[in-house]
Amino acid sequence: MTLRRLLVSTALAVLSAGAAAAQTINALVWCDHADPALIAPFEEATGIRVNLREYEGTGAALAMLEQSRPGDWDVLVIDGIDVPRVVEAGLLAPLPADRLPLGDLFPQVVLEDRTTRDGAIYAVTEKFGYNTLSYNSARVPEADVASLDRLLTDDYAGRIAIYDYYLPVIGIAAAHLGLDTQSLTEADLPAIREVLFAMKDRAATVGEVVASQTALATGEVDVVIGGGEWLTGVLEPEQPELTWTIPDRGAVLWSQAIGVLADSREPEAALAFVEYILSPEGQARLATSSCYWGMPANRRAGEHLTEEQKRILRWDSQEDYLSRVQLYPAPDEALDAAMQDLWLEMLQR
Amino acid sequence: MTSRAGGWALVAPALLWTLCFFVLPFAVMAAMSLARLEGRELVWGFDLGNYARLGDPAIARAVLVSLEITLTVTVVSVLLAYPLAAILAFRVPERWRRLALMLAILPFWTSYVVRSYSWLLVLSREGIVNRVLMGIGLTDAPLTLANTRFATVTGFVHFFTMLLTLTIYANLVQLPRNYARAAQDLGASRWQTFRHVILPLTLPGIVTGAFLTFVLCIGDYVTPQILGGNRELALPQVIMLQLGRRADFPLASALSVALMGMVTLAYLLSARWLRLDRL
Amino acid sequence: MTRALSWLYLLALYGFILLPVGALVLFSFQDGGLPVPPFQGFSLRWYADILGDRALMRALLHSVLLAFGSSALACALGFLAAWGLARHALPGAALMRAILVMPLAVSTLIVGLGLLIVLTRLGIGLSLWTAGIGHVVINLPLCFAILYASMGDQQRSAERAARDLGAREWQVLLLVAVPMLRPALLAAFFLSVTLSWDEFIIAFLLTRFDVTLPVEIWSLLRSGLSPRLNAVGSLVFLVSALAVVLAEILLLARRRT
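Protein chains in written order, with the UniProt record's numbering: chain Y, 1 to 349; chain X, 1 to 279; chain V, 1 to 257.
Calculated directly from the structure, the hints in this document are not laboratory data. Just so it is clear, CB atoms sit at the ideal spot from N, CA and C, and this is done for glycine as well. A portion of the hints provided could be inaccurate.
[Stated by the list, open to error] Beta-carbon label-pair distances, calculated as ranges:
hint: 1; chain 1: X; residue 1: R181; chain 2: V; residue 2: L18; range: 28 to 36 Å
hint: 2; chain 1: X; residue 1: L19; chain 2: Y; residue 2: P190; range: 48 to 56 Å
hint: 3; chain 1: X; residue 1: L64; chain 2: Y; residue 2: P190; range: 21 to 29 Å
hint: 4; chain 1: V; residue 1: A247; chain 2: X; residue 2: L19; range: 27 to 35 Å
hint: 5; chain 1: Y; residue 1: D118; chain 2: V; residue 2: D49; range: 41 to 49 Å
Take the sequences, apply the hints, and build the full model.
Rendered as structure tokens:
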């Protein structure tokens with residue numbers, strides 16, 4: 001009887017809590033946004049509640065948005081490179097330029113040709129980093145990570161992990177082949193396949209963030225292809241030998257952008273959230289959020305980061321890095337399907 | 001007459017629930033498996049193209065991987081669980097039996113996702129298994145155990161050994177003790193008693209347990225995803241990949257129907273001994 | 001000889017079965033950032049960390065609501081159906097039994113995917129309620145099977161006696177059948193709570209924001225290697241084990257009286 005009363009009262013509490021919340025926004029995001037240290041300060045300051053749902057691939061996010069009822073979603077975080085796909089589908093609302101810290105962003109990551117259309121801004125880059133090589137410097141000489149060539153020999157058989165997302169790793173393979181990641185076509189896939197297969201043949205695992213971190217931290221593997229600051233940043237304080245580098249032939253720049261959905265029912269609250277995320281304080285918290293670290297797009301976030309955090313993010317080397325990397329590949333629907341099939345083929349090899 | 005109407009009224013809610021939320025969705029899924037994705041546009045129709053994809057080497061491999069893993073797991077789990085259940089039922093003194101059984105299924109009560117994850121730690125390079133193997137000199141360098149099919153199978157076997165121990169134990173304790181005694185009085189050896197009396201009597205229990213193992217194992221996404229290291233994908237992983245990255249519902253549906261086909265096949269093969277309605 | 005072998009086997013298998021849980025619990029006390037050997041010392045900080053995590057605690061509440069709610073409904077539906085089929089000669093009874101038990105023989109992935117497709121087609125938003133629908137689908141066959149199997153002749157005569165004494169049908173149901181079947185009802189209920197409590201794929205596919213504990217743990221697992229996971233796992237372990245002991249004591253106490 002008391003148990004039942006307890007259940008009923010908790011159920012009521014939950015229901016009323018849901019009803020009482022004054023303003024709620026629903027955000028479709030990547031896992032770094034799910035850190036309470038990032039969200040709680042915004043909720044406390046504004047009284048706006050933020051519901052978060054993480055997703056995996058852009059295709060799945062688009063399907064989720066298209067199948068939702070109008071007003072289901074207010075904020076979207078998405079691959080910078082995929083913003084045009086969302087804009088074309090008419091899903092994003094233009095943002096007022098005077099409320100965005102556009103002048104403070106690293107100019108190389110603004111990606112104006114992707115985030116704007118006909119002069120209107122649809123999304124703003126919030127965080128970036130590199131998909132490149134993470135490695136254990138105690139076991140791998142620096143010369144070996146200067147190029148994929150050394151890693152794709154039998155010396156590294158069973159010592160490699162591949163990050164399980166097709167676009168960045170295909171980008172790395174393309175950079176290794178000297179291709180331009182932005183103009184890839186189906187004709188490039190056979191050569192890329194060779195490189196992917198060579199990686200797979202030597203890979204001990206193909207894993208997501210945690211699986212790759214575990215493999216590297218436990219010594220299961222010595223190199224993670226597709227890794228970067230976002231992978232080793234959280235491990236470095238305890239295991240300083242885990243680090244990352246950009247090989248001579250370059251690597252891939254990832255970026256994520258934030259925008260407000262066109263049919264949001266709470267556009268003002270959603271915009272307030274975007275403003276918060278792009279503010280120096282929000283940017284510093286986002287850069288060091290629990291899921292993965294990454295460079296804040298707003299340079300003024302530096303005022304709120306400690307020297308140690310900046311060192312791990314390699315704040316001072318960004319200009320050099322940015323000059324040596326290419327963007328994530330941005331395939332159209334058909335090429336995307338072909339790339340995903342290639343990835344599946346690689347996994348099943 | 002009223003009795004029959006009353007009977008219908010009693011069965012109707014459960015039946016409607018199952019029809020609306022299980023049979024109907026399955027039918028829609030089957031229809032979806034014949035649709036096609038053009039870009040992101042869903043085109044309904046009668047298109048066997050998704051099923052033709054089962055011939056793709058990558059997807060055919062997934063079917064094979066799933067079958068191999070599931071069969072290995074089922075056989076190994078039965079072989080491990082049967083003796084354990086028998087020891088618990090016949091060797092452990094009665095007053096300790098309940099406690100011993102509880103202990104044997106203790107890890108049931110951790111979260112499923114966490115249970116798989118903890119095997120990852122146990123099997124890692126620095127993990128307990130490698131330390132013991134190196135400590136007793138069986139190997140010089142740590143073996144790669146995590147992120148392999150071995151790890152997936154181990155994770156599965158761990159879970160299903162517990163499940164099967166439970167079901168087989170329940171069967172064994174229900175056996176009238178005097179059957180075995182009678183057989184031995186008639187001159188049967190221990191082995192003969194087991195082979196001709198106990199085994200046939202517990203066969204339905206074993207087959208039911210093995211069938212459940214098959215169904216749960218072949219449809220599971222969590223264990224191979226966490227432990228397998230994506231070196232090879234099982235069918236549920238391929239299905240989830242279609243959903244998570246591309247939202248390709250038609251292909252995911254076709255692969256699910258194929259999965260259902262495998263389960264049905266297993267059902268038909270074991271139907272003779274199966275007692276699903278009395279677990 | 002065979003006796004010694006038996007004990008050895010028992011010991012070896014207990015080792016195998018308890019090994020991962022032991023490692024899990026041990027490293028939940030890890031005084032370092034990574035839940036991997038070597039063990040760096042004893043600390044409770046990861047427990048403090050997760051107990052203060054709002055998302056995890058909300059997920060815990062959702063899991064409890066889902067497990068108890070869906071099990072209660074599944075038991076009620078299963079009980080009515082079992083009673084109807086056991087006490088009334090209905091045409092097509094075998095077919096109905098087969099349909100009711102069928103979801104048991106199907107992967108939960110298929111149940112979840114089918115419902116996901118239908119719900120999105122109908123434009124019904126995903127929530128804890130939709131996950132609840134899915135959980136009733138998988139729990140119902142179990143409850144039905146257990147209850148149907150336990151409706152023996154003994155109860156039948158008691159029910160008939162009650163009817164002869166002028167009890168109405170609902171009185172027979174509530175005052176005779178339910179109390180007599182209480183052990184089976186409790187068993188079905190707790191088994192289905194256990195299943196639902198730990199179910200991942202349906203809850204993953206069919207919820208949006210109000211995720212359950214296994215789904216929250218899954219996203220933790222995807223978002224960073226940390227002894228937090230061990231702490232959550234150990235805590236779930238402790239809570240479930242306590243619940244089992246409690247249920248055991250309750251059931252045993254009932255049985256004795």
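Outcome of the hint check:
Take X/R181 and V/L18: their Cβ atoms lie about 34 Å apart, and the range 28 to 36 Å holds. Between X/L19 and Y/P190, the C-beta spacing of about 50 Å keeps the proposed range 48 to 56 Å intact. About 25 Å separates the C-beta atoms of X/L64 and Y/P190, a value consistent with the hinted range of 21 to 29 Å. For V/A247 and X/L19, the hinted distance range of 27 to 35 Å is satisfied, since their beta carbons lie about 32 Å from each other.
For Y/D118 and V/D49, the hinted distance range of 41 to 49 Å is satisfied, since their beta carbons lie about 48 Å from each other.
Going through the hint list in order, the structure satisfies each hint without exception.
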